[in-house]
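> Residue numbers (full-length UniProt numbering), protein chains in the order written: chain A, 1 to 315; chain B, 1 to 315; chain C, 1 to 315.
I should point out that these hints are in silico values taken from the structure, not numbers from a laboratory.
The calculated label-pair distances, taken between Cβ atoms and stated as ranges, are:
1) 246/B to 80/A: 53 to 61 Å
2) 212/A to 71/B: 28 to 36 Å
3) 250/A to 75/C: 37 to 45 Å
4) 216/A to 252/C: 48 to 56 Å
5) 246/A to 212/B: 47 to 55 Å
6) 250/A to 134/C: 55 to 63 Å
With the Cβ distance kept under 7 Å, some of the chain C side facing chain B (calculated, not the full set):
7) 65
8) 73
9) 85
10) 89
11) 90
12) 91
13) 94
14) 97
15) 98
Glycine is no exception: its CB is placed at the ideal position from the N, C-alpha and C atoms.
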Amino acid sequence: MNYISIQDIDSLSKWVKSAIKIKKNPLKNKKLGKNKTLVMLFFNSSLRTRLSTQKAAINLGMNVMVMNFGSEGWTLEFEDGAVMNSGASEHIKEAAEVVSQYADIIAIRAFAGLVDKEKDYAETVISGFLKHATVPIVNMESAVRHPLQSLADAITMEEYKTKHKPKVVLSWAPHPRALPQAVANSFVEMMQMQKDMDFVITHPEGYELSPEITKDCKIEYDQSKAFENADFVYVKNWSNFNDYGKVTNSDPNWTVTAEKMALTNKGKFMHCLPVRRNVIVSDEVIDSENSIVIEQANNRTYSAQIVLQKILKKL
Amino acid sequence: MNYISIQDIDSLSKWVKSAIKIKKNPLKNKKLGKNKTLVMLFFNSSLRTRLSTQKAAINLGMNVMVMNFGSEGWTLEFEDGAVMNSGASEHIKEAAEVVSQYADIIAIRAFAGLVDKEKDYAETVISGFLKHATVPIVNMESAVRHPLQSLADAITMEEYKTKHKPKVVLSWAPHPRALPQAVANSFVEMMQMQKDMDFVITHPEGYELSPEITKDCKIEYDQSKAFENADFVYVKNWSNFNDYGKVTNSDPNWTVTAEKMALTNKGKFMHCLPVRRNVIVSDEVIDSENSIVIEQANNRTYSAQIVLQKILKKL
Amino acid sequence: MNYISIQDIDSLSKWVKSAIKIKKNPLKNKKLGKNKTLVMLFFNSSLRTRLSTQKAAINLGMNVMVMNFGSEGWTLEFEDGAVMNSGASEHIKEAAEVVSQYADIIAIRAFAGLVDKEKDYAETVISGFLKHATVPIVNMESAVRHPLQSLADAITMEEYKTKHKPKVVLSWAPHPRALPQAVANSFVEMMQMQKDMDFVITHPEGYELSPEITKDCKIEYDQSKAFENADFVYVKNWSNFNDYGKVTNSDPNWTVTAEKMALTNKGKFMHCLPVRRNVIVSDEVIDSENSIVIEQANNRTYSAQIVLQKILKKL
Numbered sequence: 001m002n003y004i005s006i007q008d009i010d011s012l013s014k015w016v017k018s019a020i021k022i023k024k025n026p027l028k029n030k031k032l033g034k035n036k037t038l039v040m041l042f043f044n045s046s047l048r049t050r051l052s053t054q055k056a057a058i059n060l061g062m063n064v065m066v067m068n069f070g071s072e073g074w075t076l077e078f079e080d081g082a083v084m085n086s087g088a089s090e091h092i093k094e095a096a097e098v099v100s101q102y103a104d105i106i107a108i109r110a111f112a113g114l115v116d117k118e119k120d121y122a123e124t125v126i127s128g129f130l131k132h133a134t135v136p137i138v139n140m141e142s143a144v145r146h147p148l149q150s151l152a153d154a155i156t157m158e159e160y161k162t163k164h165k166p167k168v169v170l171s172w173a174p175h176p177r178a179l180p181q182a183v184a185n186s187f188v189e190m191m192q193m194q195k196d197m198d199f200v201i202t203h204p205e206g207y208e209l210s211p212e213i214t215k216d217c218k219i220e221y222d223q224s225k226a227f228e229n230a231d232f233v234y235v236k237n238w239s240n241f242n243d244y245g246k247v248t249n250s251d252p253n254w255t256v257t258a259e260k261m262a263l264t265n266k267g268k269f270m271h272c273l274p275v276r277r278n279v280i281v282s283d284e285v286i287d288s289e290n291s292i293v294i295e296q297a298n299n300r301t302y303s304a305q306i307v308l309q310k311i312l313k314k315l
Numbered sequence: 001m002n003y004i005s006i007q008d009i010d011s012l013s014k015w016v017k018s019a020i021k022i023k024k025n026p027l028k029n030k031k032l033g034k035n036k037t038l039v040m041l042f043f044n045s046s047l048r049t050r051l052s053t054q055k056a057a058i059n060l061g062m063n064v065m066v067m068n069f070g071s072e073g074w075t076l077e078f079e080d081g082a083v084m085n086s087g088a089s090e091h092i093k094e095a096a097e098v099v100s101q102y103a104d105i106i107a108i109r110a111f112a113g114l115v116d117k118e119k120d121y122a123e124t125v126i127s128g129f130l131k132h133a134t135v136p137i138v139n140m141e142s143a144v145r146h147p148l149q150s151l152a153d154a155i156t157m158e159e160y161k162t163k164h165k166p167k168v169v170l171s172w173a174p175h176p177r178a179l180p181q182a183v184a185n186s187f188v189e190m191m192q193m194q195k196d197m198d199f200v201i202t203h204p205e206g207y208e209l210s211p212e213i214t215k216d217c218k219i220e221y222d223q224s225k226a227f228e229n230a231d232f233v234y235v236k237n238w239s240n241f242n243d244y245g246k247v248t249n250s251d252p253n254w255t256v257t258a259e260k261m262a263l264t265n266k267g268k269f270m271h272c273l274p275v276r277r278n279v280i281v282s283d284e285v286i287d288s289e290n291s292i293v294i295e296q297a298n299n300r301t302y303s304a305q306i307v308l309q310k311i312l313k314k315l
Numbered sequence: 001m002n003y004i005s006i007q008d009i010d011s012l013s014k015w016v017k018s019a020i021k022i023k024k025n026p027l028k029n030k031k032l033g034k035n036k037t038l039v040m041l042f043f044n045s046s047l048r049t050r051l052s053t054q055k056a057a058i059n060l061g062m063n064v065m066v067m068n069f070g071s072e073g074w075t076l077e078f079e080d081g082a083v084m085n086s087g088a089s090e091h092i093k094e095a096a097e098v099v100s101q102y103a104d105i106i107a108i109r110a111f112a113g114l115v116d117k118e119k120d121y122a123e124t125v126i127s128g129f130l131k132h133a134t135v136p137i138v139n140m141e142s143a144v145r146h147p148l149q150s151l152a153d154a155i156t157m158e159e160y161k162t163k164h165k166p167k168v169v170l171s172w173a174p175h176p177r178a179l180p181q182a183v184a185n186s187f188v189e190m191m192q193m194q195k196d197m198d199f200v201i202t203h204p205e206g207y208e209l210s211p212e213i214t215k216d217c218k219i220e221y222d223q224s225k226a227f228e229n230a231d232f233v234y235v236k237n238w239s240n241f242n243d244y245g246k247v248t249n250s251d252p253n254w255t256v257t258a259e260k261m262a263l264t265n266k267g268k269f270m271h272c273l274p275v276r277r278n279v280i281v282s283d284e285v286i287d288s289e290n291s292i293v294i295e296q297a298n299n300r301t302y303s304a305q306i307v308l309q310k311i312l313k314k315l
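Please build the complete structure, drawing on both the sequences and the hints.
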């Protein structure tokens, strides 16, 4: 069993319930991971993912080996048949198979390069590991997806929802640098698995996410209209998917402010963090009592823990 | 309970005695830290602090997660109300609160930038964590202080003192690069807590430490005079506090040599390490039997261990 | 007891047999390393060594502290009597003695610089630690040797040999960058300790390894001739030893291909990894059933584990 996409979850509602149980007693399954080793491979920066996934593994009694692949290891080649006479020192074939021998589970973080859309959306790195590794793989944010985050988001919404069918908005917001679409993509995929939620995506025209991901999700280009009566407002920047990896809009009118939140139904403010204050969201909103970003980050531990626990049980 | 400054110690003599007891049986409290997690965040290089603090936590049975914040995480913003549209990706508010959720204790190393005196002496980084974290904070060297080092120094002096009221000299020595004042500051603060020691600081004119730290400590500009009959000579370079962060003097006459040590009362040579041989101190002195720098470094483990132990007992 | 060279092994055949036993039950000696700490110091990149050595220590119940000395610590000075007023911040004398106080065993990786032959072949870094450390030292690849690799190679050959006296070839192959001679050197030294193996080294003229290492080993400049009837073909690039550290030959005719392997006695293909595909070896060969590179990497765990076990038993 791997955890590459939120769609690897058989029943989202059951996993969310289990995660909330784990949260109440995180050390209950401390024996489950005994003498099992999690290898965490980072190709990119990480704070929450690094610490929460490690913490989840520790809670399960696992050994953890952390490695910054870029700086501590070798540059990898992903193409079959490549003549490796320039940059890359090692092929994913060997790397994945070798690391599998030292690990019971491998977790990988490798962001989108935001240069070559096809390569990114082919999930070159994580697919390479998936293909050649001989142990389960956990996605700690790949080019296209961030399913540990989205599961934590689902847990958080379950904890904070106050009515049967809440309205959830995913809103784009401006950012000075080009960011991947991974968090937004996985949030959309997670929302598609929710049974009783009204979901709407709002972003400037031209900032559509991949239609293969959003499918028939409702898109509303008027942010204020989208916010009306929302119970949860999930805010995230992403760079342009069509004009791939470019920042073609940085309109400050999309910053989430108290005025906009006033349109909601005392909507909870969500963000995966790290967040640029007063660019993505005003201080007033993120510091308000309706901001649940810290709890989202807290739930990253239990999101990782339910995933590791499910995998460990099948080893 | 936090450990930000040596002044956070209620009774220096009692802590020193406890640390010396721990040193005799370091694994005695191995159960105290069970299922507790220390997160160590490094914004700067570290050898002794990195390994000794980790070792202390291991001796107490704690889990440890180590992170190089600069290279592995995100650039932090510390100013309230900042519009984060340039360098920094994450605000200390979120970072500190989030990490607190994965940690029982957070230890932080963040050196002085040596550019902006006010910012450094406001202890921007560690104060930011202190303000926003929800778990105890341990200072692994901040802009202004290095209290784990000074506690180790106090332990070492206790072990090596041969008379009731020893004379202790803190001597500046030359160094090619601009170094923070943190070690010297904390040593001064520690000496002010000692009851039975004669203390004198010696440095070139113009190299006065912050008067708010040295208070009424005796200053002697003639190094040789200061060394007379000294029982302990603690040597350390610091950059200029007045002409802030500058190297305005690199006079090799301040290097500690055997001739100068001959003026002392078979004085013990101390330094926090790393030390530049034949710049700060001659080989002859640091290699002599009166050099106790290796034992100082050894005591870093027990200094960290008594601090962690005190905090764990109050959790 | 230290493990600096394969020659530190008293009986290669006994160690190999013990390692194969460990492989069958890697957790059997989990109590041996209890409350013992391995400090792993990296001056260079590492994948297999980093993870397999750590895994071996975990299998033995040890605590592990990993440190990237270059980026996380201080630049070291190795010369006695140096006036340290430029680059280096700390002398090996202090560094080695200090780290010894936090460790029961220190493992070190420090590659050849490939600029100064004398300095490299004096094993400056690992010899410095060896001289000044007060605990056992394990070589995780030094300037001249990689004995954990060669022990893993010996284990792998023992597992795969099908006749009493197999023929083993060490073959040079081209590579775009200048690589150290360490792996080849240690392989040669290991082969000299084998009793019942026919050993031949093949490389272009001018690519002779140090004669102090190869001694009276057979050298065959015709690669095809060397491959005839070989049972094991160990392939590795190294930079020129005579024209020190230079790449004076990158002849693609030395790449190991299926045609060449056809000359062997269904010879097993070996390489320490990372390997540049279609430069060192064709895909066809490394992907064939006679390629045992993945198993070699697997045996790195048991090679490290027998070494750590032997040292722990003597502590």
